[in-house]
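The lines below spell out each chain.
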Amino acid sequence: MDAETTMSPAARMAREALATCAASPGVAKPDPILVADSVRRKFGGITAVDVDHLEVQRGSITALIGPNGAGKTTLFNLLTGFDSVDEGRWSFDGRSMGRAAPHRMAKLGMVRTFQLTKSLTKLSVIENMRLGATEQIGEKWWNGLIDARWRKQEAAITERAEELLERFKLSHMRDEYAGALSGGQRKLLEMARALMTNPILVMLDEPMAGVNPALKQSLNEHIRGLRDEGMTVLFVEHDMDMVHDISDWVVVMAEGRVIAEGTPDAISSNPAVIDAYLGAHQGRSLLEDQP
Amino acid sequence: MDWSLIFELSLKGLIGINAVYFAIAAIGLNVQFGYTGLLNFGQAGFMACGAYGLGMTAHYFEISFWWGIPLGILFSLLLGLLMGIPTLRLRADYLAIVTIAAAEIIRLVVRSVRFKHYFGGSDGINRFAQPFREVGADFGIDQTQLYGFGPFTFTGRELWTMIVGWSLVALIGYLVYKLMKSPWGRVLKAIREDEDAVRSLGKNVYSYKMQSLLLGGVIGTISGMIFALDRGSVQPDNYSRDVTFYILTALVLGGVAKVSGSIIGPMLFWLIFTFLDNFLRQVADKPIKIGNFTIMQSTQVGQVNFMLVGLTLILLMVYRPQGIFGNRQEMAFDGR
Ligand SMILES: Nc1ncnc2c1ncn2[C@@H]1O[C@H](COP(=O)(O)OP(=O)(O)O)[C@@H](O)[C@H]1O
Ligand SMILES: [Mg+2]
Numbered sequence: 011m012d013a014e015t016t017m018s019p020a021a022r023m024a025r026e027a028l029a030t031c032a033a034s035p036g037v038a039k040p041d042p043i044l045v046a047d048s049v050r051r052k053f054g055g056i057t058a059v060d061v062d063h064l065e066v067q068r069g070s071i072t073a074l075i076g077p078n079g080a081g082k083t084t085l086f087n088l089l090t091g092f093d094s095v096d097e098g099r100w101s102f103d104g105r106s107m108g109r110a111a112p113h114r115m116a117k118l119g120m121v122r123t124f125q126l127t128k129s130l131t132k133l134s135v136i137e138n139m140r141l142g143a144t145e146q147i148g149e150k151w152w153n154g155l156i157d158a159r160w161r162k163q164e165a166a167i168t169e170r171a172e173e174l175l176e177r178f179k180l181s182h183m184r185d186e187y188a189g190a191l192s193g194g195q196r197k198l199l200e201m202a203r204a205l206m207t208n209p210i211l212v213m214l215d216e217p218m219a220g221v222n223p224a225l226k227q228s229l230n231e232h233i234r235g236l237r238d239e240g241m242t243v244l245f246v247e248h249d250m251d252m253v254h255d256i257s258d259w260v261v262v263m264a265e266g267r268v269i270a271e272g273t274p275d276a277i278s279s280n281p282a283v284i285d286a287y288l289g290a291h292q293g294r295s296l297l298e299d300q301p
Numbered sequence: 566m567d568w569s570l571i572f573e574l575s576l577k578g579l580i581g582i583n584a585v586y587f588a589i590a591a592i593g594l595n596v597q598f599g600y601t602g603l604l605n606f607g608q609a610g611f612m613a614c615g616a617y618g619l620g621m622t623a624h625y626f627e628i629s630f631w632w633g634i635p636l637g638i639l640f641s642l643l644l645g646l647l648m649g650i651p652t653l654r655l656r657a658d659y660l661a662i663v664t665i666a667a668a669e670i671i672r673l674v675v676r677s678v679r680f681k682h683y684f685g686g687s688d689g690i691n692r693f694a695q696p697f698r699e700v701g702a703d704f705g706i707d708q709t710q711l712y713g714f715g716p717f718t719f720t721g722r723e724l725w726t727m728i729v730g731w732s733l734v735a736l737i738g739y740l741v742y743k744l745m746k747s748p749w750g751r752v753l754k755a756i757r758e759d760e761d762a763v764r765s766l767g768k769n770v771y772s773y774k775m776q777s778l779l780l781g782g783v784i785g786t787i788s789g790m791i792f793a794l795d796r797g798s799v800q801p802d803n804y805s806r807d808v809t810f811y812i813l814t815a816l817v818l819g820g821v822a823k824v825s826g827s828i829i830g831p832m833l834f835w836l837i838f839t840f841l842d843n844f845l846r847q848v849a850d851k852p853i854k855i856g857n858f859t860i861m862q863s864t865q866v867g868q869v870n871f872m873l874v875g876l877t878l879i880l881l882m883v884y885r886p887q888g889i890f891g892n893r894q895e896m897a898f899d900g901r
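If you read the sequences in order, they're chains C and E. In the numbering used here, each residue's number is its place in the first sequence (first place is 1) plus 10. In the numbering used here, each residue's number is its place in the second sequence (first place is 1) plus 565.
Keep in mind that a hint or two might mislead.
[To be verified] Lysine-lysine pairs mimicking BS3-like chemistry, simulated, CA-CA at most 27 Å apart:
| # | chain 1 | residue 1 | chain 2 | residue 2 |
| --- | --- | --- | --- | --- |
| 1 | E | K743 | C | K162 |
| 2 | C | K226 | C | K162 |
| 3 | C | K150 | E | K743 |
| 4 | E | K746 | C | K162 |
| 5 | E | K746 | C | K117 |
| 6 | E | K746 | C | K128 |
| 7 | E | K746 | C | K150 |
[Said to hold, decoys possible] So the derived list for chain E, only partly shown, Cβ under 8 Å to chain C, looks like this:
| # | residue |
| --- | --- |
| 8 | L740 |
| 9 | S747 |
| 10 | W749 |
| 11 | R751 |
| 12 | R764 |
| 13 | S798 |
[Said to hold, decoys possible] Rough simulated footprint, nothing fancy, chain E against chain C, three-plus residues with beta-carbon under 8 Å:
| # | segment |
| --- | --- |
| 14 | 93 to 99 |
| 15 | 234 to 248 |
Simulated from the structure, these hints should not be mistaken for lab results. Treat the numbers as computed from the prediction; the structure is a model and nothing was measured. We put the beta carbon where it would ideally sit given N, CA and C, even for glycine.
With the hints as extra help, turn the sequences into a complete structure.
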């Protein structure tokens with residue numbers, strides 16, 4: 011498939027904006043939605059994250075790659091409020107933060123998924139989806155007691171949930187417990203549920219891990235779809251083929267630092283990146299699938 | 566052996582006031598434990614709040630008895646905040662430790678000589694339920710008269726407490742059922758499974774856990790009030806740890822995360838408990854011996870009965886963790 015001929019307008023815009031950026035760590039972007047400054051986190055003696063400066067371009071698909079233990083998940087945790095920084099600040103959509111509760115970040119439009127999928131297995135698929143909707147009237151106990159207050163909103167939420175399930179090809183599982191889904195389907199459900207929050211930035215931690223190749227293709231399409239709808243996507247991935255396939259920009263981390271940034275083409279041939287991978291993986295190719 | 570007496574008493578256990586106050590306390594515990602996954606091992610403490618709220622208005626504040634109801638609820642809200650604020654951000658087991666300790670502290674404080682003036686020490690507080698019973702009399706239920714229903718006879722006093730008690734079970738059960746079917750209940754059930762997933766979707770998990778703890782606590786308080794009104798007295802040792810664990814056993818017996826389970830569980834619990842108690846009492850009328858070795862005598866009936874309760878809980882956990890009415894796929898208790 012030739013990426014150039016099938017590129018959507020949103021993709022073209024993102025690529026054009028990023029084409030002006032130099033391929034160097036911490037480079038400024040024309041319209042960043044997320045800016046991190048001197049974000050550091052230590053665990054005992056290990057410095058898990060030590061990012062001097064990082065910007066994520068609005069409306070782009072940015073891949074975050076790096077060997078295991080590079081600090082990608084920890085960075086996600088810090089930015090989404092699941093962990094607190096030792097020092098540093100970041101801003102999201104123009105709002106400056108130093109620490110934040112996870113639910114506040116989600117309400118501001120930054121939603122994440124987890125490396126280890128968190129589907130609520132004892133709720134049905136549709137209930138998982140409904141849970142994702144924010145600002146629910148019936149989530150206040152005094153409204154919960156009176157059906158009439160929340161029934162209408164619930165119907166609207168259900169309709170939106172069903173549309174998303176349709177798009178993610180999970181409609182046939184609508185009323186099953188989420189525990190009955192396969193690993194790949196759970197990843198899809200988690201992503202669809204995250205979209206129920208109406209995010210502006212979607213952060214996916216290894217969305218492809220453990221997903222079979224056929225599903226991977228459709229996940230790719232979904233991620234592209236998010237950008238085409240105007241969302242920004244930041245995702246962690248090991249599979250370089252896929253990174254190359256869908257991302258507009260690639261950020262490389264190793265040992266907590268951002269060691270390289272650039273377009274997918276520039277990154278594939280960057281000696282520092284090859285070094286970082288070779289160092290950590292004793293000679294396995296960058297293009298090889300990670301377990 | 567007098568079987569008809571055993572059966573009559575057992576059936577009375579099924580619908581009697583013990584089943585009522587257990588059922589109310591179990592509905593509260595179910596909100597916390599069954600639906601939200603909060604390990605509250607101090608339900609007896611919340612019950613004491615209600616009982617002492619009622620008792621203290623009469624005994625100490627000397628204002629109308631009815632003020633005891635809001636006072637008891639206020640006590641339990643304070644207790645819930647005290648337990649919840651330091652622990653609900655931490656791992657689940659911290660709440661368990663704090664609740665079990667807090668309930669014990671309450672019991673020791675109210676029974677202490679130092680505070681006898683306020684709480685009546687180990688004698689507790691007596692004779693305060695008269696205004697409640699007078700309302701019963703207004704409804705035409707004569708306290709001293711005996712009322713018969715089929716095989717049962719109740720005094721007017723018992724009957725009035727049971728009518729109020731079962732009405733409360735129905736009302737509270739209905740409200741909790743409604744809440745758990747609402748989006749609010751959905752958030753609680755999701756928290757039970759994975760807090761972080763719920764946080765990532767923009768819900769303030771801490772606030773929901775607090776709401777659940779307080780709601781369950783207030784319901785426990787109402788249970789304590791019914792119990793105190795039935796006895797017409799408040800005694801500190803009625804609110805010991807065992808009570809919490811019997812209620813938990815009754816809840817698990819019925820099935821967690823179901824309102825019906827938390828009502829039928831306590832009824833069955835008291836049916837079985839009263840049956841065993843009376844049966845063993847008659848069996849051990851003369852000490853049971855093998856040769857010279859005494860297996861059981863009548864003074865040990867209580868202990869043996871409690872052993873059997875423990876055994877029941879163990880067997881339930883092993884063979885039917887979802888309880889009698891629970892749905893295995895959805896409700897199974899996983900001992901996290
Ligand atoms: N909660 C934690 N406690 C201690 N060390 C941690 C914790 N979380 C992560 N680390 C360490 O921080 C480093 C970065 O981990 P992580 O962010 O999970 O890497 P990645 O997601 O890039 O594989 C690793 O060395 C890991 O062992
Ligand atoms: Mg990781």
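Do at least three Cβ atoms from the segment 93 to 99 of chain C come closer than 8 Å to Cβ atoms of chain E?
It is violated, with 0 qualifying residues against the three required.
Pair hint K150/C and K743/E, alpha-carbon separation not exceeding 27 Å
OK: K150/C and K743/E at ~13 Å, within 27 Å.
Could you grab the alpha-carbon distance between K226/C and K162/C and see if it respects the 27 Å cut-off?
violated, 36 Å
Hinted contact R751/E with chain C - closest CB pair below 8 Å:
For R751/E, the interface hint holds, since the closest Cβ of chain C sits about 6 Å away, which is under 8 Å.
Do the alpha carbons of K746/E and K150/C lie within 27 Å of each other, as the hint requires?
holds, 13 Å
Restraint satisfaction for S798/E [CB to CB of chain C, less than 8 Å]:
violated, 34 Å
Take a quick look at whether K746/E and K128/C sit within 27 Å of each other, Cα to Cα.
holds, 22 Å
Hinted pair K746/E and K162/C, Cα distance within 27 Å
Status holds; Cα separation ~15 Å.
Against chain E, does the segment 234 to 248 of chain C show at least 3 residues with beta-carbon separation below 8 Å?
Violated - the segment 234 to 248 of chain C has 0 residues with a Cβ nearer than 8 Å to chain E, which falls short of three.
Let's test the interface hint: is any C-beta of chain C closer than 8 Å to that of S747/E?
OK, holds: S747/E within 8 Å of chain C, min 3 Å.
Is the interface hint satisfied for W749/E? The criterion is a beta-carbon contact with chain C at less than 8 Å.
Check passed: Cβ of W749/E comes within 4 Å of chain C, closer than 8 Å.
Does the structure keep K743/E and K162/C at a Cα separation of 27 Å or less?
Given pair K743/E, K162/C holds - Cα atoms ~16 Å apart, limit 27 Å.
In this structure, the hints that do not hold are numbers 2, 13, 14, 15, in rising order.
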